[in-house]
Structure formats: C-alpha cells, structure tokens
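4 protein chains.
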Amino acid sequence: MERTYTLTISCPDRVGIVAKVSNFLAMYGGWITEANHHSDLEANRFFMRHEIRAASLPFGLDEFRTAFSPIAREYEMEWSITDSDVKKRVVLMCSKESHCMVDLLHRWQSGELDCDIPLVISNHEDLRDLVEWHGIPFVRVPVTRDNKPEAYAEIERLIDEAKADCVVLARYMQIIPPVLCSKYAHRIINIHHSFLPSFAGAKPYHQAYERGVKLIGATCHYVTEELDAGPIIDQDTVRVNHRQTAQDMVRLGRDVEKSVLARGLAWHLEDRVLVYGNKTVVFN
Amino acid sequence: MERTYTLTISCPDRVGIVAKVSNFLAMYGGWITEANHHSDLEANRFFMRHEIRAASLPFGLDEFRTAFSPIAREYEMEWSITDSDVKKRVVLMCSKESHCMVDLLHRWQSGELDCDIPLVISNHEDLRDLVEWHGIPFVRVPVTRDNKPEAYAEIERLIDEAKADCVVLARYMQIIPPVLCSKYAHRIINIHHSFLPSFAGAKPYHQAYERGVKLIGATCHYVTEELDAGPIIDQDTVRVNHRQTAQDMVRLGRDVEKSVLARGLAWHLEDRVLVYGNKTVVFN
Amino acid sequence: MERTYTLTISCPDRVGIVAKVSNFLAMYGGWITEANHHSDLEANRFFMRHEIRAASLPFGLDEFRTAFSPIAREYEMEWSITDSDVKKRVVLMCSKESHCMVDLLHRWQSGELDCDIPLVISNHEDLRDLVEWHGIPFVRVPVTRDNKPEAYAEIERLIDEAKADCVVLARYMQIIPPVLCSKYAHRIINIHHSFLPSFAGAKPYHQAYERGVKLIGATCHYVTEELDAGPIIDQDTVRVNHRQTAQDMVRLGRDVEKSVLARGLAWHLEDRVLVYGNKTVVFN
Amino acid sequence: MERTYTLTISCPDRVGIVAKVSNFLAMYGGWITEANHHSDLEANRFFMRHEIRAASLPFGLDEFRTAFSPIAREYEMEWSITDSDVKKRVVLMCSKESHCMVDLLHRWQSGELDCDIPLVISNHEDLRDLVEWHGIPFVRVPVTRDNKPEAYAEIERLIDEAKADCVVLARYMQIIPPVLCSKYAHRIINIHHSFLPSFAGAKPYHQAYERGVKLIGATCHYVTEELDAGPIIDQDTVRVNHRQTAQDMVRLGRDVEKSVLARGLAWHLEDRVLVYGNKTVVFN
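Chains as they are written, first to last, in full-length UniProt numbering: chain A, 1 to 284; chain B, 1 to 284; chain C, 1 to 284; chain D, 1 to 284.
Heads up, a few of these hints could be off.
Note that identical chains are pooled: a pair holds if it fits in a single copy or bridges any two copies.
When the alpha-carbon atoms are kept at most 35 Å apart in a straight line, the in silico DSBU-like pairs for lysine-lysine are as follows [unchecked claim]:
| id | residue 1 | residue 2 |
| --- | --- | --- |
| 1 | K88 | K20 |
| 2 | K96 | K20 |
| 3 | K20 | K87 |
The hints are simulated quantities; they were obtained by calculation from the structure and are not laboratory data.
All figures in this text were calculated on a predicted structure; none of them were measured in a lab.
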C-alpha cells in the first residue's frame, strides 16, 4: 500500500470550504486518492475526509499542520491529519469469550487490520494462550465487586503506558467507569450483542428470545458514560426463527458481532469515522 | 394450484403425536404435500402443520373434523383445518399513505395473495380511487378525537358484516380499541415502521434518525391491547447512513414495510403462523 | 426539494482537478450540497459529481456551460450539468408482466421517482388500463417474427417524438436492435431477472432452479448490443431453498426485480451513474 | 446437548411414508425432537430427517437398523441413522490462505463445530503452526505439476488412514482427481470464492472485478468431477461498489467464504444435507 496522509475535517458549513482545502492541497501538488464530503443540513455542519499521496507533497505532517492551521482557524475546523506509516496503537480488552478476539487477532496477523496491538487486558486468564501465541503481551487485571477503583486505576495506567490511540472492548463484559470514558472519548469502541437501542444492558439474546424477534443483531459504538448509548459506528442483523433457542441466538450472534466489530474498528483505524453530537459520519 | 387442506395443531408435547396424526391421515389415504413440526422444548409444546391433497381424502372438512376430534381431545390440541378453495376474507384498513395498499392490491390482483378483499375502510378519502379501480368497495369512517366510540362501533359493524377472517392495518395509523383487539385476537395484522422493540409508538423513523442507527426496519405483528407489543410475524431491516435524513428514511423504509407486510399476510393466509404466548411459530 | 444543479465529470486523473472545479464553483458562490469523487487507479480516470444549490449561483445552465467549458477542455472532461427543475423524460416499455410497471408507476405517482413519463410502449394490450389509469398514454406496437424492422422503426419514432431522455425496459422481454442500442447508448435501462453473469438469456429462474442455487437475483443494466452484457447499475439477491419450485422463484424474484430496477432508475435520473468502459461508477 | 439419533431418508414419494416411519418410532417410544419433510413434486421424491432422543428408544443403532430395514426396503429408501455421540471425522485440506482455517479451527475448538479433526493436509507449510497450536497433526504433501499421481495417492492413503467421514477443502486451491471425487462422493466439501455458476475456475474475484458486478459471493458445494459444478449446499453474497479493487474484493470475500463454509459444514455434520441429482435438500 502506498503511503498516504488522511485529512479529516468537521466544521460549520458555508460556501467555499472545498475550494479552500482543495486549493491548499493543489498548491502543494497534493494528489488526492480518495475524497468524501458530507453536509449535514440540519446541523449546518460540514464533514470532509481526504486521502493524499504522501509522496506528492513536499513536506511532512508537522509542516502540513503549520501550513494548514490558518485555514483551519478561519473555518473553525475540528481537524486531524494522520500518516498511514504511523500505525495506531490498539489495546484490546476481553473477558472469557474468544470469538471476537480470534477474529481481530487473525485480521491483525494477516495484515488486514492495519494497527499495532501493544497489549491485551483481561479480567480472566482464559484467552492468555491465544493472545500470547500471537506474540502479544497479555495482562490480567481481575475486576471484582470490591476492587473496581484500584482495578480501573491499574487499567488506566496500562492503557497510558501502552500509548494507546484506541481501546477495543472485544466482549469485555464490564462497565467502563465514567472517568475513563471521558479521558478516551471517541476512542473506546465496544461491541454490544444486540441491535441497539433494543435490548441494551445484560443478556440481550435472552431478551430477544423472550420478545420473539425475527432478527437479532449487533452494534459497534463508542463508549460513553450512559450504558450502550454512545455514537453508533455500525450495526448488522441476522435472521432467526422459532427454532432458535436463546443459546442458538448466542451462537448465531457471534458471527454478527465479529464482523460488525471488525468493520467498525477498521473504519476507525482509517479515520473514516467522524463523531458529531451522538452520531457518526462514516466515510466508508 | 391443486386443492389442499391445511391442518394446524398446537398441543402439549409428548411421544407419539406425529404417529397418531400421520396414521390418521394414512388410514384415509391422505397424501401429505408439506409437513412441518416444531417442539418448543422450553414451553414443552408441539406445533404441527400439514398440507394434504384434498382429492386424496374420501371426505370433506366437516367429516374430517368429526373423525379427527377424538384425537384432538386426547392430545389436548388447539387445531384447525382449512380448505384452499375457501378463500379467507381480508378487510384492509388504511389512512393516507398509499405504498402498502398499492403493494397489497397488486399482489391480490395478480393472484399472488390468495384471498378475497370484501372491503377497505379508511379514515380519509385519499385512497378511494385506487381501491375502487381495483373493484373493491371503499368506506370512509372518519375517526376524530371526539367520535372514537361511534367510529369504532361502525368499523366493528363493517368488519362483521364483511365476514372478515382477518383485518390488515396497512399503515392505518390509528390505535385499535382493546375490545376489537380481543374480539379479533391473532386476526388483526399491523405493520409497524420500525424494527421492534426499538422505536415503538409515533414517528419511529424520526426516532431512528435521532439515535443515529445504521439500519432501519419494519415489523409485521398481531395487534394486541399493548401498543406495538403483539406477537411478531416478520421483520426486516435496510441499511442507512449519515447521508439519509429522517425523510429519506421514511422513503427507504416504505420498501421494507411493503415486503414485510406482504410476507406476513401471505403466511397468515396460508395458515403458516401459529401463536403461542406472545410469540409466533412461522412454518415458512 | 430545493432546486439544484448536478455537475458530473469523467476525465483522466491528475493533480488539481478538484481544486480547479471547486475554485470555479466557489468563485461564483456555488454552495455544494453533495460531492462525490472517485479515482480509478487502474484506469487512471477520475469521476466527480456535485450537487449545487441553484440559487447560490448567479447564472443559469447556459452561462454555466460557457463559463465552465475552458476548464472542461483543459482537463479533457466528459461532463454534463443538469437542472433539478427540468425533469427527465422516461419512456417505459413493457410486455404482459405487471409487477415492475405497478411499482414504477406508483413511485412516479407518489413523487418518489422524479421524472416525466410521456409514454408507455408495449407489444401487448394487457397493461393498458393500468397505465391509462395513471393518466399516461399507452401505445401498443406488436412485435412479431416478421415485422421487426417496421415495429422497431415505429418504436424509434415514438421514442424520438416523446423526446425521451431515457428508456426503461420494465420486463419488455424483447431484444432491442443494435441500432437503437447505439442511438440511446447508456440511456436504455433493462432489468434482467438473474444475478448476471449467471443465467443470461431466456428463462433465468428455470436455469437457476435446474442448477440448484441457494440465492436468486436480479440485475439492472444499460442495454448494449450484446445480450445481458451491458454495464451493471445494481444487483441484488434473495435466498431460496429446496422447497421453492421454479414458479416460486419467479414469484420471489419479482420483488427483487422491482426494487433493483427502481433503485437503478432513480440513480440514473439523479445523474448518479457514470459509465466507463463496461462498468459503472454509482455515486449513491 | 442431549444424545440424539438422526434418521435421514430419501425415497420415491407415495402415501403413508410419514405414518409408517412415525409409527415405527412411536411403537418403540421414540421421542422426536426435530422433524423435517420435503416432497419434490417434480422428481416425485420424498426426503425426511428426524432427530430422536436416544434415551427414549430401547435399543442402539445396530438394533435400530435391523428393526427398520424391512420398512426401508418396502419403500426403497436410501437412508442412514447416526448417533450424536459418535463424532464425524473431518480431514481439512488447505494451502496458504489462512482465513477459512482459522475460522473452522476456532469453531471446532469452541465446540461449535461438533466433529473430530484427525488431520490437516496441505501442499504448503504456511499453516503448520496454526494447526499444531490447536493440537492437530499437520501433514504436508506437496503437489506439483509432475507428481500428481503420487501426491494424490499419498493424500488418499492419509484420508483413509484418518478414517475420514468427510473432507473439507478450506481454500485448498488444487483440483481433486476424479477417482477421489467418486470414492468420497458427497463427502468432499469445497468453498468456491464466487457466487456460482458465475465465475467458476481461477481468479473469480478478478473476473468479478472485470465484469463490474455489484455483489460478490461464495459457494459451498460437494466436489464432483466437473470443476465447481457439484451440488450446492449454501451460498451468500456481499455488496461491492466501484471503489473496490479486485484486491479489496479478495479481502471482503473472505468473510463470506468463512461463513458460508462454516454453515455448510455444520449442516453436513448434522446430517441436514441430502443430495439428489445435482441438488441438495438442506433441512436447516
């Protein structure tokens, strides 16, 4: 894959933004390989993402930032630029369920998920062998009813130490404390095993079974203080019928969870997800 | 289509039910063209549906009922037998939205929906031409804040007079009073324009837009006293993204509503839907 | 809906195209409400579509064309600009099957399909009532083994007279002669009732049944001289199983045909489909 | 999971088969937990599958076979009965691509795929570590242009020695010789990376890219002498668009391949797939 810079922008909508940005890029010979725009007419907000061939620009990210800052200020942009050669650092958190972990680790190992995984944190030992076979450090931090403050302080320390850009809750099954949610806002990704907002909270497949729904689903979202209520990145569903028990739904749902989480994470890693309010713009 | 009888059975599960029923049929030379069984292990209940070539049996429905009754009593069956030559009578109820009505009327006209439609009832005039072009009587019964008891008494009278086997709320948009829900239990079919249990009640697409979901859906269910909480017959979803406004979702959702309602109604007409508790067994 | 202009461009890829075009628009105060780009790296070709608020520009289409021409020449663009207030004129052609026609006519009547339908041409009388009920002229041009040259000359005359921008074969079931294919290149849209390239030609559902496939599909494509081989606009599939006969597949397939054709036509009408070689770029 | 026997039957259709079989089961107290029937009216053939609680019958499989044989002969049945406590033995064959293998091995390890895997055979070393980490013997049998007869003789020997009930080509990428296809008829399962019959043979994703299709797919089928033409067990598709390169399709297609192969194999292991002619009846 050719080295690219990815520029993402979110700002109030007005005439001339595209011209301003594309002029800036053209002035320096920037070759755009992918461009996406979105105008949210209701919020009067503009979203933009560009991939630019790194080799086509005469400078690196620092100079880019310096040169682009006046435009960003003029248009009140929230913006970022990233370099495809600098891999994002992803800390995975898991519990006992292996399916999402096996899936993510294989996608990482095969090069499909373009990131570094410096660390896996779990409250159980079950997946240690799997993780370590992939050559990734595994740290167990047991979380009990009584040790939450200490446990999450330790987890926070580990995440900081790992210089994590992003944390993925791969069926971690524990509630993340508000302070961590805030500190890593829009950087903690969870997979919830229902088609939210249906069946938030515990045992969603059993709730789905009780209600007699004909589709079950999974939701990949950013974690916020309110449980299972953060901005949704992706969702999907799979058909069930009267023959499926709650346990069958658990099994069928795993495949949806895996694919939805893998897609959502990949989009996040490629800076395709822009958050505004409690919603996402996903340039996929 | 060859004439068939359809036998549906729901009873406590135990050994020998299938043998008993299939023996009964075989004894009279009954040729089974489709058979479906389901054991709900949790509820310890057995469900069964047979299609039998009418010509293979030496008698009609009345004699069938007489001959089969002892078995039905022995096994505590809730059961029914219907004749494909006797079309079910379906009263459609609509409001201003045309998409479900156009879809159902075309499927009826082309022979895909095998039923009679003796009457359409609406609280508005908008769809009169459409309905009458199909040669079906159209009666307007305005429902206002003040006339509900009289209006629904009139509607009940019309439904009774039409000898309806089943009522379809094709985006009728009014809440059916409890007395009608009970009288026509498991015979009033509604299409709700969300993937229930998410977004019950009013303006589900706008709720979906606000929540930022990535799929919208529709649910076909039997109407019960509790709003949008009856047994689900079918559901489906369609993908949306940040570009869709609430209005776009309304438009995209129409196609899901149409197909989910048409499928659910077809299954109901073919006696493929058995209700138990608040769930359905759908032998499709 | 606000009045917009839609600018579509296809040209050799190079640095600065986006800047050039967006500068041009910004210079005149053009407010972009939707923008889509695509670089085909293999073909080294660039595709672009902009929707611009008409009211934000100081001139109409003619002046736009004059002002933009130098840029178009410089970058060797194939390009067009259209006005949402000028509806495209669509001639529908059908045979005996009604499902696609009912669907398209309803979407047109309800305002979902934004076009004029000056004429329906058919080789049979069956759908005359349906079409005329919608207030659209219906002309029968019988096509037989012996009269093809005269029949298609008549059809061509009717299409020309109707000033058609586009022709839709809504299950027309006849092969369009090469001369018409060329004259209306990328403007005749067909729905083929299989997932192409599988099962081109006659009786695709029967071919699918024979092969024992587990999904059937439909394909919306531009008509070219080679049968069922033109650029594909959209496709979709639906699950089948051993219980479905070929006749069941015909029935199930209708719903896929309807939705795929409606989607493909809507995208065409909104200038979202750009053809290059035998492929399409669809900015949806 | 409770121990069950699974009885599958395929025979000419006639009146009384269900009665005969269910009587037989009822006579011995057999408790049916799942039953499926299918009448192929065109082929005049009847298919049936029963799951029976082992504990409800007074005898084991041998006595069952003896007792049931007269019925089987009378109705000219092809039939089998299997015991859920006797796991099927599955030999996996792979090449360099890991995705299907990782997926199958994880499903096996987590107990979702209920089988033994006595051996993995590959023509390359790449996946040895993965396989051996799961505690499964891995044997490399290089296949070259020149050694095919010897290589496949060795492979046949290994499969025989492993007492394989079934062989899975998990992206094995080599053509199995006719003699092996015959010997293990309906017992070698392949995953082909296209929606067959489109794009049989080599490089299907590149063929799909060239054709400009809007969906790509995968097909799980039994291997027969004719390449990619055997009875189809399952298929699925995933949406692509103009932005996907052939390489992107390869990546996206992997997820479909994995899920289609895993589903097809699970159904085979549960004796849910009955082959007749070049088609399958799948009681899922």
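Open item on the list: I want to check one pair: K88 and K20. Are their C-alpha atoms no more than 35 Å apart within a copy, between two copies, both, or neither?
Closed with: both (29 Å within a copy, 34 Å between copies)
TODO: Could you figure out if K20 and K87 sit no more than 35 Å apart (CA to CA) within one copy, between two copies, both or neither?
DONE: both (29 Å within a copy, 33 Å between copies)
TODO: Evaluate K96 and K20 at a C-alpha cut-off of 35 Å and name the case that applies: within, between, both or neither.
DONE: neither (50 Å within a copy, 47 Å between copies)
Checked against the numbered hints above, the structure violates only hint 2.
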